[in-house]
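Quick one: dock chain against chain with the hints and give me the complex.
Chains as they are written, first to last, in this note's numbering: chain Z, 1 to 108; chain B, 1 to 119.
Keep in mind that the hints were calculated from the coordinates and are not lab data.
Keep in mind that this is a model prediction, so the values were computed, not measured.
Cβ coordinates follow ideal geometry from the N, Cα and C atoms, glycine included.
Hints may be right or wrong, so weigh each one.
[Said to hold, decoys possible] What the simulated footprint calls covered on chain Z by chain B, stretch by stretch (three residues with Cβ under 8 Å from a Cβ of chain B suffice, anywhere in the stretch; the number is not a length): (1) 48–54; (2) 95–108.
[Said to hold, decoys possible] No farther apart than 27 Å at their CA atoms in a straight line, the calculated lysine-lysine pairs in the DSS-like style are these: (3) Lys102/B - Lys55/Z; (4) Lys44/Z - Lys81/B; (5) Lys81/B - Lys13/B.
Chain by chain, the residues:
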Amino acid sequence: QSALTQPASVSGSPGQSITISCTGTSSDVGTFNLVSWYQQHPGKAPKLMIYEGTKRPSGVSDRFSGSKSGNTASLTISGLQAEDEADYYCCSFAGGRVFGGGTKLTVL
Amino acid sequence: QVQLQESGPGLVKASETLSLTCTVSGGSIGSYYWNWIRQPAGKGLEWIGRIYSSGNTNYNPSLKSRVTMSVDTSKNHFSLKVDSMTAADMAVYYCARDGGEKPGAFDVWGQGTMVTVSS
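Next comes chain B alone, as it looks inside the complex (with noise of 0.2 Å):
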C-alpha cells in the first residue's frame, strides 16, 4: 500500500524560501503524477501543482511565479519550493498522488505538513 509523507521545517521566516519533501513508500514514484496542494486554517483547498515521474511540471497560475517542483527517482521522492513566503502562505500543506487507475482524482495523501510563517 502506497504512503506518503511530507518532511520539512515547520516555521520558515518572511521573504525565505520554503522546501519540503515528500517520500513514497510501499510503491515505485513512476507513473504517476505527484501533487502538492494546502489548506490555511480553516479554509479550504488549494492545489498548487503536480510534476510526473519524468519531470514535466504543471503549476497553478496564481502561484507559478514562486513555485517550483522537482522529482528524484532514485530516493523515491519529490519536492516543492516556495519562494518570498508571506503570511498568506500560511497553511498545512499536502502532498497526493494523481493519476494511475482513477485519473483525475488524488487517491492517496500524506497527512501534511503545517507550515507557519514568522516576521
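Next comes chain Z alone, as it looks inside the complex (with noise of 0.2 Å):
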C-alpha cells in the first residue's frame, strides 16, 4: 500500500474557492467509490467532511464537496472561510486503509 498523493499545500482568499487533489492508483482510488476526506486543526483529531467520495455527513458545511475522476479524488471547498484553514488529508480503501500525504490549506 503506497500512500496517496496530495499537494503539500493550497492557498486561497476568503470567498475564493480550492481543490485540493488525490491520485492513487487502480487498485485503491480508481476501483473503489470508497474516498473518504478528513479536516484537521492543530491539535485536534481528524474530522470527516466527505465520504464515499461525494457524500456530506451531517453537520458539514455545504461548501464542501467531493469528486473522483480515474485514479484521482478531489475536494473542493468554495467560499473560502478564516475557519476553513487547517489540513486535509483523503483516505482510500485498499484492502485496508491508505491515507494521502496531507494538504496545508492557508486562508490569504
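Structure (C-alpha cells):
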C-alpha cells in the first residue's frame, strides 16, 4: 500500500474556491468508491468531511464537495472562510486503508 | 452519541511493547469496525489496522509483523499492542470507528494519545 498523493499546500483568499487533489492507482481510488476526506486543525483529531467520494455527513457545510475522475479524487471548498484553514487528508479503501500525505490549506 | 477514549502509558521504552485501549461509550461496540491510526509529530496519518466486533482483523502490511488487536465486547473496548517499539513509532495514536452508515469512512474519532519512546 503506497500513500495517496496530495499537494503539500494550497492557498486561497476568503470567498474564493480551492480544490485539493488526491491521486492513487487502479488498486485503490480508481476501483473503489470509498474515498473519504478529513479536516484536521492543530492539536485536534481529524474530522470526517466527505465519505464515499461525494457524500457529506450531517452538519458539514455544503461548501465542501467531493468528486472523482479515474484514479484521482478531489475535494473542493467554495466560499473560503478563515475557519477552513487546516490540514486535509484523503483516504481510500485498498483492502485495508491508505491515506494521502496531507495538504495544508492557508486562507490568505 | 458515541464517544471514544484512548488510554495507556504515554511513555514506552525502546524494544518494549506498547499497549493501548480504546473505550467506546454512548453506543455498542457491535457491528462496526474499530481502527487504530497514528500520526508522528508534524507528519501525516498512518492506518495501523482494524478489528471487527467479532474479532476479525486487518492490519497494515508494513506493521503486520508487530501489531496485535483484540476486542472485549463485555467491556465495550478494544486494544492495540505494538511490539519492539522504536523511535519511529513515536506518534499520537487515535482510535476511530468505521463502517455502518458511512462505509469506508472514519466517522468517530478519539481525542488521541501521545506515545513517546525512551531509549
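Now for the hints, and whether the structure bears them out:
1. 48–54: holds (count 3)
2. 95–108: The restraint on the region 95–108 of chain Z holds, since 8 of its residues have a Cβ under 8 Å from chain B and three suffice.
3. Lys102/B - Lys55/Z: holds, 9 Å
4. Lys44/Z - Lys81/B: Holds, because 23 Å separates the two Cα atoms, which is no more than 27 Å.
5. Lys81/B - Lys13/B: Since the Cα atoms of Lys81/B and Lys13/B sit roughly 14 Å apart, the hinted pair holds (cutoff 27 Å).
In summary, this structure violates none of the numbered hints.
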